[in-house]
Amino acid sequence: MQIIVNLDVMLAKRKMKSNHLAKRIGISEQNLSILKTGKAKALRFSTLSAICKELQCQPGDLLEYQD
Amino acid sequence: MAEENLQRIRRISGTFRQLFNLFIITLPAATIIFWLCFNQLPQSFKNDLPVIVSQNLPLSSLLLAITVSAIPTGIILYAFIKLRNLFSLYHKGVIFSVANADCYRSLGYALIYWAFSKLAFVPLISIVLTAHNPPGQKSLVLSIGSADMANILIGSIVLLISWVMHEASLMEEERSFTV
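So the sequences go chain by chain: A and B. Sequence positions in the first sequence follow this note's numbering and run 1250 to 1316. Sequence positions in the second sequence follow this note's numbering and run 203 to 381.
Everything labelled a hint here was simulated from the structure, so no lab data went into it. Hints should not be assumed to be uniformly reliable.
[Said to hold, decoys possible] Partner residues aside, some chain A positions facing chain B, computed with beta carbon under 10 Å: (1) 1276; (2) 1292; (3) 1293.
Even for Gly, the Cβ is constructed at its ideal location relative to N, Cα and C.
Please take these sequences and the hints and turn them into a complete structure.
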């Protein structure tokens, strides 16, 4: 079981680049890369909230549970 | 300032790494040379042995003594290798990782093993050194002292600290992957 982060899908849908999003939500590109590549071990609510606000989506659009 | 301190730690650790590289080579060599030149050494070099050796020893006894000495020497060598690895990590700027904690754990075990190895070394070396003595003058020495107990205690404390460090490094790793 694992949580899949569909951030790259949402970025493609919104036609936004990672570095642009990183700058808009105030985190480093390196940290955003950790999130995109699925290496992240935890995601702060503040970060999730900022991404959702910027990409105009719901947490469920970004996170997916796979058995 | 923190970066300056890290640079200093790296530089000093690099020196210690080289020092332990030297010890790793010289310790076994010194042990072998000690026993091979044993008959030529002055008495002051033999004062730390558990038995008094007043006569020359045959080559077979000297070779056996090298073999028996390999027990504590091997453990000290193991500790030196772990210290070299630890300073190597510090030299690379790796201060707070699981690998560091593993080095400390190995050092803790080395201290405990060393105490037990001395318990085995003293009787074995006393047998080897007195095996060629006339009947009635052969010795079997058993020794356990407060220093051995202290080594076991310190080793146990180092093991506990390494466990805490291991858990802390896992927490640090998790923190670094929290976005």
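Cross-check of the supplied hints:
no. : hint : in the structure
1   : 1276 : holds, 7 Å
2   : 1292 : holds, 6 Å
3   : 1293 : holds, 7 Å
Figure legend: structure checked against the earlier numbered hints; every hint is met.
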